[in-house]
Structures are given as C-alpha cells and as structure tokens.
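S.K.: Here are the chains, one letter per residue:
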Amino acid sequence: MTHTSSYPLLRTAGIDGMLVSFGDRLSEPANRAALAFRAALERESWEGVEEISSSLVSAYLRFDPLAVPHADLEARLRALMGSRDWLQAELPHGRRLHRIPTAYGGTLAPQLAEAAQVAGMTEADAVESLSSARVRVTALGFAPGQPYLGELPEVWNIPRQQALTPRVPQGALVLAIRQFVIFSVTAPTGWRHVGQTAAPLFRLGAKRPFLLAPGDEVEFPQVSVEVFERMQDDPDGGASWEALP
Amino acid sequence: MTGTTRRELIVHRAGPAVTVQDGGRPGWIAYGLSRGGAMDRMALAEAAALLGQGESAALEMGGVGGRFEAGCDLRIALTGAPMRASIDGAPVVWHACHALPKGAVLEIGPLQAGAYGYLSVGGGLAPDEILGAVSAHLTAGLGRAIEAGDRIRVGVDRGSAVARKLAVEDRFSGGALRVVESLQTRLFPEEQRARLETTRFTRDARANRMGAKVVPEGEPFGVEGGLTVVSEIITPGDIQVTGDGAPFVLLAECQTTGGYPRLATVIPADLPRIAQAPAGAELRFRFVTMDEALAAEAAHRAALKEMPRRVEPLVRHPGDVPDLLGYKLVSGFSNGEHHDH
Chain A
1 MTHTSSYPLL RTAGIDGMLV SFGDRLSEPA NRAALAFRAA LERESWEGVE
51 EISSSLVSAY LRFDPLAVPH ADLEARLRAL MGSRDWLQAE LPHGRRLHRI
101 PTAYGGTLAP QLAEAAQVAG MTEADAVESL SSARVRVTAL GFAPGQPYLG
151 ELPEVWNIPR QQALTPRVPQ GALVLAIRQF VIFSVTAPTG WRHVGQTAAP
201 LFRLGAKRPF LLAPGDEVEF PQVSVEVFER MQDDPDGGAS WEALP
Chain B
1 MTGTTRRELI VHRAGPAVTV QDGGRPGWIA YGLSRGGAMD RMALAEAAAL
51 LGQGESAALE MGGVGGRFEA GCDLRIALTG APMRASIDGA PVVWHACHAL
101 PKGAVLEIGP LQAGAYGYLS VGGGLAPDEI LGAVSAHLTA GLGRAIEAGD
151 RIRVGVDRGS AVARKLAVED RFSGGALRVV ESLQTRLFPE EQRARLETTR
201 FTRDARANRM GAKVVPEGEP FGVEGGLTVV SEIITPGDIQ VTGDGAPFVL
251 LAECQTTGGY PRLATVIPAD LPRIAQAPAG AELRFRFVTM DEALAAEAAH
301 RAALKEMPRR VEPLVRHPGD VPDLLGYKLV SGFSNGEHHD H
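Respectively, the protein sequence lines represent chains A and B. Just so you know, we're using my numbering here: the first sequence kicks off at 1 and counts up by one. Just so you know, we're using my numbering here: the second sequence kicks off at 1 and counts up by one.
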C-alpha cells in the first residue's frame, strides 16, 4: 500500500486547505522535509494564504479558495515541491535546545515501571535511557503548545496501552511508539506516564507564549522529587534553553 | 457614559454551557491551538445584521440560557437556535433585536429547537482578549464558562436600531449536509463511500464543542483493522471514524491533529446545520465536487453579505401580544418599574 514514489503527495483538506505530505509514516527525513517545506511556504507568503502549519510528515496551508483558485495554488505548490529534494532539507534555522528537568517514576509518574517492563529494561536503565535521550519536536498538536517528540531509541517502540488512563496531569511526560508527548493540559491518554515536568508549555501574556516550536530539540534530565517540588515555584519550571546553530 | 454606569451585562444565572464566543482565533494551529469560536457562525452574522454593526462576540448558550441584567442601556439580538426569552417577564421574539434598558432583566430559558442560542449586544461583548480573540476555548484551557455573578464588559455601541427581526431558514433540525472528499477518503472502501450517501444518521447525545457523534442506521464505518494512519491535520467539518464505527463530525473546538481516518469533510456553508442539529435529529451526507462546493461557498458568502438588507421591522399585532400593557411600545421607554434612571 506504500507508494514511496508518489511522495511528495498533494491533497486537499476541506475546500480551503492543501496538504503536502512527505511520507505515510513518521520518519526523520519526512519530518525534516515537512518543516522545511513549511518554512519555504512562510517565505513565499503567497497572497490569499491565511495560515501555514506542519504536522509530523506534512505541511498544511489554509487559503481563501474564492480569492485564489485551487488550480493556481496547486500549480504553485507543485512547482515548489519539484524545486528540490525536500527529504534532504536541513532543519529550520532559529532552533533551540531545551532542557526540561523531569522527575521519573514514583507517585509523580506511576507508569515508569510498566513502560520499562514492556521495553524489557530495568527501571534504572529506563531512566538512564530516557533522561539522556535528545529528541526533537516533530509537531505541535491537539492542545496549545503540546509537542510530539521523537524519536527515542528503538527499544522504546512500545505500543499504546489497551485502555485509556482517564487523566494525566498537566506537565505529564508520556511515552509510546518511540515518541514522547508532554501534556499541556490535564487529559486522558493511551500513552504511559513515565515522567513529570513543571515547565509551562503555554504561558499567556508571555512574549513567546509557546515554549517549544517544531524543530526544537529537548532533553529531559532527571531531578529528584525534592528538586522537582522546588521547581514548581519557578515560572519556567526549571527549564532552560540555548540557541542551536 | 457617566462614571457610575459601566457598560456591562450582569449574569445572575447561567446554564452550564454558556461561553463568550466570537469568530475564533485563527493563526495558531501551528502551535496546536485550533481556531475555536462560535459553533454557529451564521448566528453571529445574523446578530450583526440585526444590530447594524460588524460581527462581534456574543454569549453562546448550549441547552439553556440564563438570567441576565443590563448594567446600562443595551440593545440585544437573539439569534441561533430559538430559546424561550422574556424581558422583565414579557415574552420577546427570537431572531430579533430588542432594547434592554438599564436594570431590565432578560430571562432566557431552554432551547425550543437546535443546539446553540446566541445573545449578542450592541457594541459587542468585550471581555479581556486572549491571543487576539475573546472566545473561550475550554478544550485548550483558554477562558472559562460564564457563571452567576459575572459582569461582562460591553463595547461602545454606535448603533440605535431595535425592534427588528430577520426571517431565518431552518437549520435547527438536522437535514442534508454536503461533503467533499478528505485527504483520507480513499482509504475507505468504495462500498463505504457509496454507503455514506445512502445511510440515514442520527445525531447522538454525545456532542460538545469539539464535535458531534452521528450514529448510522445499519452497518458501521471504518477502515480495515490494523491500518495505522499517521496523525495528520484536522479541520472543522472533518468526519472522523473512530473505533466503534460511528463517525464523529469535528466542529469548532476540534483538535488540530489526529490519527483516526477521516471519511469526508462537511463544507463550511453546512457547518451551522450540523452544529445546530439537536440530539436525535436525522442527518444525511452527500458528496459534491470541489467545483460545486466552491459555488456553494460563494453563494453562502453572498447570502451573508445580503443579510443586513433582509432585516425588517418587528411589527406586533396587538392580538398576538398576551400582556400588551407590559410591553415597551416605544423603544427606549419602559414601565419604569425596573429601570431607575
């Protein structure tokens, strides 16, 4: 069912959206291509285009279909798609490396042991692996500023759980299929809650209301419960960042 | 405006699903925040036409309204799903605008049809902005539901028209919805795509600002088991098919991305009809080509533009008025009992 040769693939989304996809499953090159294509669309700033975003493997563009005929926009998109090999694209500029201190396991993140077991590791090895991983924001989605982060080492290719956890708290670091998600709101999830962070992903009124942007990289160094408790009074939740070249 | 009169709407009681809504917050989907805004955007346009102003923020009332008091002389418009309403005890007409003098009490009861009624005011509701809009987006944790005791700031009213009405086509009882193919429509077998058009659906009681579940009469829908679809952009109107085979039509407060495949997308012009379909209402879907959908969009926008010209005076026949003496026969005047100027 995979037609690798048909990518990049142009499809409509509703009457006012077009989507350019670079794969039918998450992969590092497809994600890089999506981010680069989105950045290129932002540079083009075509008239009639109202919103641009990217998801895991696609760039999306919303436009006024009565101001810009579908055929015109499609022609432009196809020209841009064919202008280079997007799978070889570099990551966008202005990226950041964030360090978000995380309390692993215990009562704050009760599913660490279970996740470690599914991955076939000891709890200590799991913490070692997760706290030293550097992952990238592949997309923001579902809730404000909420990141999908990938990819973790192959050993973390563990499935979603059978039943939903009714609610994980804001800041929960959850894991499945080689990815992390940090919850920006309290929500139900089928992913396993392995760590707890205190950094707000979304801060109203701040100059940069969303902490993370697609393409940014993130590490989750381990802190003790005591340190975690203290971090909760910090408006940044202990998080720090530096610019990436 | 004197120093003591604040332009505000005072809330004495509010149903559980009353929120301030405007056109929503475009421009943030890249950050995981969907546009949100009024479930029935047509109702905002109708209020704007009645009040003779631009589109402004209104109170969206799901299920039941509440008890409100004018903190100053106000003009109000009642649009969207009709609800029982009265001003100082005297019934008032829905799909119309009225004077609500300072101190007057507006009582809005349960729905008579549809799902969401709207209370708009001259000058618009003007609570604090969040990321460039005032609408509450509860799924995203922005804003909150309106509660008793709230005093909602009202903008400056530059208009004066009251006692006007607008004839409104029924969009409050389900019906036919036009859809276009979505990016994942072709993942579904041809049989299901054909069946979508011949199946009668019932709007389930499970519905909220994120979306409405529609239950098919007959076979469930779904992509053959085991297929894992990469999470992809979601837009309002998308018909998402989750595990149980009953499609979920995504609406104003939908998530920005999702992994369940989408069967089709309801065109924007028909979104008010699905947003306003009450539980139990019958719905049908019909595929249209992109050209037909764009023609429908052009017609929809033309109708919105034309709307102010369709507003007409609200003439009461004395025989229809149960309590003639209780009525304010001249706009701006009242019986004086409640309105101490």
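If you're looking for bench data, these hints aren't it; they were derived computationally from the structure. Nothing here was measured: the structure is a model prediction, and the numbers come from that model. Warning: the hint list may mix true and false statements.
[Said to hold, decoys possible] Straight line, CA to CA, 25 Å or less: simulated SDA-like cross-link-like pairs of lysine to any residue:
#1 A:207 x B:129
#2 A:207 x B:63
#3 A:207 x B:126
#4 A:207 x A:163
#5 B:102 x B:71
#6 B:305 x A:160
#7 B:213 x A:163
#8 B:213 x B:173
#9 B:213 x A:241
#10 B:213 x A:166
#11 B:213 x B:230
#12 B:213 x B:63
#13 A:207 x A:67
#14 B:305 x A:67
#15 B:165 x B:230
#16 A:207 x B:24
#17 B:213 x B:165
S.K.: Against this structure, judge whether each hint is valid.
M.R.: Structure-based check of all given hints:
1. Proximity of residue 207 (chain A) to residue 129 (chain B) is assessed by CA-CA distance (about 15 Å); at most 25 Å being required, the pair is judged to hold.
2. For the proposed pair residue 207 (chain A) and residue 63 (chain B), the alpha carbon gap of about 38 Å is over 25 Å, so the pair is violated.
3. The suggested pairing of residue 207 (chain A) with residue 126 (chain B) holds, with an alpha-carbon distance near 23 Å, which does not exceed 25 Å.
4. In summary, the hint linking residue 207 (chain A) to residue 163 (chain A) is not supported, as the alpha carbons are separated by about 39 Å, beyond the 25 Å threshold.
5. Pair hint residue 102 (chain B) plus residue 71 (chain B) holds up; C-alpha atoms about 5 Å apart against a cutoff of 25 Å.
6. Between residue 305 (chain B) and residue 160 (chain A) the CA atoms are separated by roughly 49 Å; this puts the pair beyond 25 Å, and the hint is violated.
7. A distance of roughly 21 Å separates the Cα atoms of residue 213 (chain B) and residue 163 (chain A); the hinted pair therefore holds under the 25 Å criterion.
8. For the hint linking residue 213 (chain B) to residue 173 (chain B), the alpha-carbon distance of about 15 Å falls within 25 Å, and the restraint holds.
9. Taking the CA atoms of residue 213 (chain B) and residue 241 (chain A), the gap is near 42 Å; set against the 25 Å cutoff, the hint is violated.
10. Annotation: proposed proximity of residue 213 (chain B) to residue 166 (chain A) holds, straight-line Cα distance about 20 Å (limit 25 Å).
11. Taking the CA atoms of residue 213 (chain B) and residue 230 (chain B), the gap is about 22 Å. The hint holds against a cut of 25 Å.
12. With a C-alpha separation of about 17 Å, the suggested pairing of residue 213 (chain B) with residue 63 (chain B) holds against the 25 Å cut-off.
13. Restraint check: the Cα-Cα separation between residue 207 (chain A) and residue 67 (chain A) comes to about 33 Å, which exceeds 25 Å; the hinted pair is violated.
14. Between residue 305 (chain B) and residue 67 (chain A), the direct Cα distance comes to roughly 16 Å. Compliance with the 25 Å bound is thereby established for this hinted pair.
15. Our distance criterion of 25 Å between C-alpha atoms is broken by residue 165 (chain B) and residue 230 (chain B), whose separation comes to about 48 Å.
16. For the suggested pair residue 207 (chain A) and residue 24 (chain B), the alpha carbons sit about 21 Å apart, so the restraint of at most 25 Å is met.
17. Annotation: proposed proximity of residue 213 (chain B) to residue 165 (chain B) is violated, straight-line Cα distance about 33 Å (limit 25 Å).
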